[in-house]
Structure formats: C-alpha cells, structure tokens
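A.B. asks: Adding 36 to a residue's 1-based position in the sequence shown gives its number in this note's numbering.
No wet-lab data here; the hints were simulated from the structure.
It cannot be assumed that every hint is accurate.
[Unchecked claim] Here are the simulated distance ranges between beta carbons:
| no. | residue 1 | residue 2 | range |
| --- | --- | --- | --- |
| 1 | Tyr-114 | Thr-80 | 28 to 38 Å |
| 2 | Phe-113 | Thr-52 | 33 to 43 Å |
| 3 | Phe-116 | Glu-69 | 42 to 52 Å |
| 4 | Phe-116 | Thr-52 | 40 to 50 Å |
All values derive from a computational prediction rather than experimental measurement.
C-beta: ideal position from N, C-alpha, C; glycine also.
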Amino acid sequence: MIVFDPKQSFIVAGQTCNYPGSPAHASVTFTNERMVSGTIATYTCDNGYELLGPSRRLCHQNGTWTPLGIPFCGKFFYLFK
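Taking the hints into account, I'd like the entire structure generated from these sequences.
C.D. replies: Right, dumping it as structure tokens:
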C-alpha cells in the first residue's frame with residue numbers, strides 16, 4: 037500500500053502491523069488481511085462469553101495497534117436474589 041503524506045513531498049510505503057493477538061474463547065477479524073496501517077481488528081467472543089476491553093483496535097503507520105492490550109473474554113455469572 038502506498039500512502040501520500042501531504043506534509044512531505046514524497047510518497048511513503050504503508051507500514052504493516054504484526055498479528056495483534058486474540059484472547060481465548062474469541063475470534064478476531066480484520067478489514068484488510070495484510071494488516072496495513074488503517075486496518076481495524078474486531079474482536080468477538082464465543083457464545084456464553086462477554087468481552088472485557090475494546091472490541092476494535094486500529095493499526096497505525098508506525099506498526100502499533102491502539103488501544104494497547106488485548107481484550108479478554110470471560111464467563112460471567114450473575115446471582116439474583
């Protein structure tokens with residue numbers, strides 16, 4: 037991917053991000069399988085589990101994902117009186 041940076045007078049090659057990780061009991065899908073800058077990772081927990089943390093993360097030109105950290109899928113039990 038080639039990205040034009042209007043602040044500079046040359047074209048910059050798009051940076052790719054490493055695999056951002058996936059929590060247990062979850063799946064992760066990407067808007068671009070090459071994981072170039074601008075790619076969004078979306079986390080979905082398996083049935084019976086709830087997501088704790090961000091459901092989406094963004095790949096940046098410097099090769100990092102934000103927000104930082106991998107979300108967690110947990111089984112929560114609710115007690116009622």
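A.B. asks: Does each hint hold? Answer for all of them.
C.D. replies: Hint-by-hint comparison with the structure:
no.	hint	in the structure
1	Tyr-114 x Thr-80: 28 to 38 Å	violated, 21 Å
2	Phe-113 x Thr-52: 33 to 43 Å	holds, 40 Å
3	Phe-116 x Glu-69: 42 to 52 Å	holds, 44 Å
4	Phe-116 x Thr-52: 40 to 50 Å	holds, 48 Å
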